[in-house]
Each structure stands twice: as structure tokens, then as C-alpha cells.
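Working from the sequences, and respecting the hints, build out all of it.
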Amino acid sequence: MRLVKRLFLFLLVVFVAPALAAIAWWQLGEHPSSWRDADWSSSGLLAEPQDDPEAAIYVMAARTGGLKGALSVHSWIVTKAAGASSYQRYDKVGWGSPVRRNGYPADARWYSNLPTVVRKISGGEAERLIPKVEAAIAAYPYGRPGDYRIWPGPNSNSFVAHVLAAVPELGAKMPSNATGRDFAPGFASVAWLPGTRDLHATLGGYLGFSAGITSGLEMHFLGLVAGVDITEPGLKIPAFGTVSLSGVAQAATGGDGDTAE
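Going by mature numbering (1 follows the signal peptide of the UniProt record, and there is no 0), the letters in the sequence shown line up with residues -21 to -1, 1 to 240, in that order.
Because the hints were derived from the structure by calculation, they are not lab data. Computed from a prediction, not measured in an experiment: that's the story for all the values here. Ideal Cβ positions, reconstructed from N, Cα and C, are used throughout, including at glycine. Certain hints may be false.
Label pairs and their in silico Cβ distance ranges [as the list claims (entries may be wrong)]: (1) 79 / 212: 31 to 39 angstroms; (2) 74 / 192: 33 to 41 angstroms; (3) 128 / -10: 23 to 31 angstroms; (4) 93 / -10: 27 to 35 angstroms; (5) 33 / 167: 38 to 46 angstroms; (6) 166 / 32: 45 to 53 angstroms; (7) -19 / 167: 18 to 26 angstroms; (8) 170 / 98: 20 to 28 angstroms; (9) -20 / 26: 56 to 64 angstroms.
Structure follows, in C-alpha cells:
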């Protein structure tokens, strides 16, 4: 009984309390009442494609809509061939044909929320990797109508996680608050990903952990992630994302700091 109480207290402090705090923070802001009222226009974050002749790959994310926006981001992939006059955007969505191509402007707001660039690759490396990214997108196993489940997946973040796992040369880490990124088929799954040197284990996407060079150390509970980032020192706080420890240290000493994800 004492062990059960300790486990309950651990889950309450590490996962539930931050999630409730995120929900309270989210409720203080102004958000569209429905997708019809939301702003889906370009944010201006990316340069006009004709102004940049180099090939490019972007992994992007923005807070999603409704109450789930307090807990998770929506992520997508953008590519641009060398000399191309347009971007190619790929999302997985929950209506119609799940994997959408150019359903929205490349850097569009998502439910009125501004996007961020999680990872950018440009030049010759992007040119080399674009065919691999497109092949991974085409091979996504949940790309048919009906192949979408908002939680625990497969959802939009499961799609991007699939591409990043298939093309580890991208060197991208998904935001820790990208709910659905740890989805795996079946009830119990254990996988070693040599490309990212990570071990992933999950019970239906509801409970699990990750450990390795890319993941750091993570615990997963009902889609929430808590842990530490090793390569880019930071704390992974459920619902909030990753807080850079270097940024905290710089702020404490009077320097400039950033908050990741």
C-alpha cells in the first residue's frame, strides 16, 4: 500500500501538476472558439521560396487548438528543392485523406498559434535528404482515411516521428510536448533505434520510457513526457516542453537565454 501511495504521489507531482498548471495558463489566453474562427494564414516565419535558392528541410511545430493546445503541439514537415519557387508542406490530420500535401501555407499559424522551427537543414545536405524524406512520407503505414486517432496516436506527431526515425540523418528531435510522437502499434513495444541510438519502450502509448543519445532520459505517462535532455541540457516538463538549462544559467548570470520547444 505504501508503494502504491508513493507511485501515486510521484505521478501527481511529476505529471499531473504540470499538466494542470499548463491548462490554467492556457485558459488565461485568448483562443478561437472553433477551427472556423481560427487564423490559418502564413506567419511570415519562412522566407519567400524564390528568395532562397538553396534546398531546405524544416521540421515545424505550433500549439494545437482547443483545450489540447495546453498540453500539446502539432508538428509538420516542409521541404523545398534547390531553385524551387514553392515549398512542399506535409501534415497528418484527422479528416479526409490523413496525410495532406500543401493543405496550408508552409509556415501557417495552427489554430491561430504561431509556429516555430524545430529543425532546419539547408544546402547540399537538404538536397541529399529530400528524396529520403519523401520516401518515408510515402511509406507511412497510417496514411489511409480513418488512420487517425487523436490520442495516443497515430496522429500528426506520430507521422512526423515516423519520418524522423526513418531519416535519422535529419538530426531532429521532436518537441517533448508533441503528444503522439511515442506511439507504437500493438500493446507492448520495445525498439532500439540505431540511427538515433535510442531505446524506446511503450505500453500502447499510455506508459513507457526512452533512453539514449537523442532522447536523453524520458518517462511517458498518458502522452505526457518528463525527463532530461543530455545533448542540449534541459528539463522536459510535461505539457510545457523542454526548458533549456543553459538558458536558465545564462539568465541567472545576466546573459541571454532561450527556452527550447
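Against the structure, test the hints numbered earlier, and report the numbers of the ones violated in rising order. none
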